[in-house]
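Peer 1: What follows is the residue order along each chain.
2 protein chains.
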Amino acid sequence: MNTQYEELKARLLEINDLESAAALLYWDQSTYMPPGGAAARGRQLATLGQLAHTKFTDSAIGRLLDALRPYEEQLDYDSDEASLIRVTRRDYERAVNLPAAFVAAMYSHTSEAFTVWTKARPENNFAAVQPYLEKTLELSRQAADFFPGYEHIADPLIDWSDYGMKATSVRAIFADLRAQLVPLVQAIAAQPVADDSCLKQHFPEDRQWAVGLEVVKRFGYDLERGRQDKTHHPFMTKFSLGDVRITTRVNEHDLGEALFGTFHEAGHALYEQGIRMDFDGTPLASGTSSGVHESQSRLWENIVGRGRPFWQHFYPKLQAEFPEQLGSVALDTFYRAINKVERSLIRTDADEVTYNLHVIMRFDFELDLLEGRLAVRDLPEAWRARYQSDLGVASPDDRDGVLQDVHWYAGLIGGAFQGYALGNILSAQFFDSAVRAQPAIIDEMAAGEFTTLRNWLTQHVYQHGRKYTAPELVERASGQPLNTEPYLRYLRTKYAELYQL
Amino acid sequence: MNTQYEELKARLLEINDLESAAALLYWDQSTYMPPGGAAARGRQLATLGQLAHTKFTDSAIGRLLDALRPYEEQLDYDSDEASLIRVTRRDYERAVNLPAAFVAAMYSHTSEAFTVWTKARPENNFAAVQPYLEKTLELSRQAADFFPGYEHIADPLIDWSDYGMKATSVRAIFADLRAQLVPLVQAIAAQPVADDSCLKQHFPEDRQWAVGLEVVKRFGYDLERGRQDKTHHPFMTKFSLGDVRITTRVNEHDLGEALFGTFHEAGHALYEQGIRMDFDGTPLASGTSSGVHESQSRLWENIVGRGRPFWQHFYPKLQAEFPEQLGSVALDTFYRAINKVERSLIRTDADEVTYNLHVIMRFDFELDLLEGRLAVRDLPEAWRARYQSDLGVASPDDRDGVLQDVHWYAGLIGGAFQGYALGNILSAQFFDSAVRAQPAIIDEMAAGEFTTLRNWLTQHVYQHGRKYTAPELVERASGQPLNTEPYLRYLRTKYAELYQL
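Protein chains in written order, with the numbering used here: chain A, 1 to 501; chain B, 1 to 501.
Any given hint could be a false lead.
Where chains are identical, the list cannot tell them apart; a pair therefore holds if satisfied intra-copy or between any two copies.
[Claimed, not checked] Calculated pairs, DSS-like style, for lysine-lysine (alpha carbon to alpha carbon, straight line, at most 27 angstroms): (1) K166 with K217; (2) K317 with K135; (3) K217 with K119; (4) K217 with K230; (5) K217 with K317; (6) K166 with K200.
Simulated from the structure, these hints should not be mistaken for lab results. Since we're looking at a predicted model, the values are computed, not measured.
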């Protein structure tokens, strides 16, 4: 027992408790908090964030990390102890660059911006958020500038969410992805439009809620260690590995919104619930990157949840739940409806094929804003123009335009979106590896069983938490670096059959 | 602007943020937290409690308070600044006596004990809580012993919740109260039992919920600055003066439980919502004592909510909400039902007359346990014996006996109960003063209007927060010290008419 290591862990646990409390304050703000609580809540979040930051950047932690270097070097790279020290050192070196006052200002500002946004979006009022967004951009640039020596101003921000990636590397991957997707989208657009009217009937909220929960319990989401609540903009959060929660928005006139939203957040939650319990309270007890996290939400939402085998088992149950709405709708009609490709306005409602185009343009906007090539006041117009050129549609209002995503109103500009497209790519890469190792997964899905798939993911991805970086984890799990091939093959196979390409 | 005063306020605000976060962790634990979250939650509460305590007992605060003494002496006693310094000094002197490690152990233990209790109560399993309760008793004695020089070991604990009261003074008040109540209870028991079967029908939960909320909104509970959630053991909590929440338990087979429980918690919430908003985040922004707090929950629950004028207005609305259950029940029958006096097992369900006997015996048990005259293992039997002798009833199980109240399982033994009876006494004393000043209050209640009453209470009680001690506030608001006369007169008048005594 190394006493310095134990002291480090004790300090990290206290910081983790503060961060978990802040996560609960945020969850409450997004689910149940009355409007009158907003002002104090912003301040409380700032206080907890600042305290956690101050405690983490305490020079005592730096001294412990220095003192632990010889101990770490004796240990295997893969050992829990070496991994904890390594990951803590990486976080520490990042954190000490950010002054506590800046962190407090950032927490306080984003909490306020979020509150303004929740009102501005339904009112279609970009003017209300514009000054907040300008401040956010300024804070984002300041944040990056605390890390001098970057190649691109977005690099430090990308690095926070997808460690190891840079603006250049993401741009290269996205250029490749885009080059292959655009012809696929065009080929599909040349085919007759799929009919998804069966999803647009009236589906009572309580029954949608019950169905979604039933499915994610089958996936393996453990309600003894989690729960689901309503919110405006769904997210997953955790307060410990024993309390991993999802949130959902229900639309009574669109069955897909809550259903696939629930699968998506449950995918995130399965990742967190799958982390080794003995990591709880340490910096290892989280997903390793935004891209890998998103790979799990997208795997369960799309590869499983919009797949034919899954619905072979579940569709009769869904029909039984909604006999009036779906009793006379054939499985094939339903399957085509939930996989309808449509050039549309809302990222979170987008189909698998066009989704990445939504993400890539947001990533480009982030770079443009940070580089100063685009002003915040011009963003709504630039947004419309890019939707028109990339997807052939443009929102008449900002509500379904630049106001649709919470990210820039609850965090920084830069690094907020690339993880979604990286996650799509990785979802297929992981699934492909799982099925190659365990071909029975497909038949099990068709029988409503997910144990073999979940076990493979737990063994190769979930359990490790942050022990391995995303590039290390991807290499270990799939035997190769991030690679768009399985994803493009998955899309081409699935949509060639759906659209007779 | 005194810079030391400003520095004190800034430090207190940070501590308040930590305490508010801890309050939210507790609220969540009692409303929505899944079972898997319990272990980490206990630790998180301990961390926040310890941090707040460490920060508050920092010698820098002691130095600021010393340095501010000349400033305070120049100011009026009533000024906000002098009051803030005075109340902070009182809290500080109390807090520095409690070691941080003790506070952490106390938080951690009570959180764990609470979790065990929530399971043990439905299972009627006193054995499960007994070791926790023994530890609680030990911690309670230790807590008192950090304040040497007390007259009675319970005095320091009573002082925390009802500043200025001692075991001796409470015993004297309770002896007087008991002497007058026992003959009243006996006189009522000699009369025919009231029929409350109209309340014991099936009342769907969602409609009970809606009715309760409707009424407390009329009382003035502001849902822009509050909300109501379900829990096992109802309580009021606040995270800022803009976010004051109540919790309620609904029994579909007893209309009174949720209804009067909601009025009760809303009474607490009206007090907190009525505090001057510019006190927010300071130690002045709370109710001044347990007794005064309880006077407001009981005033709205009983003097208003079980009064004839109130129901003259609201009963037709209640009948309209529950036409099948109450359509043919006369107002007078309903009024008698909700004021049925019955010697019963459960404190929170007890009528106004017998309620104080429940409280007085718990107060006596606290003294006996602390003095060592009663062992925890003998408590269930002592409980049964005292119920038999005082109320002529005894529970066949512990669920409705010693396990019924959360207090000892979520806090210390000592000072937990006397506030309920002091509150009853004060509720009538305040109401009496309000009606003498504003006789229109009675007619307004009969018209479903509560503005004059609420305004009087806000002006004389609520707005001041902790600026005045309970004895000061009672004297200012009613022109005399705590006095059982208005309360006994209220009970005698009301129940003489109800039971034709």
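Peer 1: It remains to establish, for every hint, whether it holds in the given structure.
Peer 2: Comparing the hints with the structure gives:
Taking the shortest alpha-carbon separations for K166 and K217, neither the intra-copy value of 37 angstroms nor the inter-copy value of 54 angstroms comes in at or below 27 angstroms. Taking CA atoms no more than 27 angstroms apart as the test, K317 paired with K135 passes in neither setting, with 49 angstroms inside one copy and 51 angstroms between copies. For the homomeric pair K217 and K119, the shortest alpha-carbon distance between copies (24 angstroms) is at most 27 angstroms, but the shortest distance inside one copy (33 angstroms) is not. Within a single copy, K217 and K230 get their C-alpha atoms as close as 17 angstroms, and across copies as close as 24 angstroms, so both meet the 27 angstroms cut-off.
For the identical chains of this complex, K217 and K317 are intra-copy neighbours only, at 14 angstroms inside a copy versus 42 angstroms across copies, given an alpha-carbon limit of 27 angstroms. Taking the shortest alpha-carbon separations for K166 and K200, neither the intra-copy value of 41 angstroms nor the inter-copy value of 67 angstroms comes in at or below 27 angstroms.
Going down the numbered hints, you'll see the structure goes against 1, 2, 6, while the others check out.
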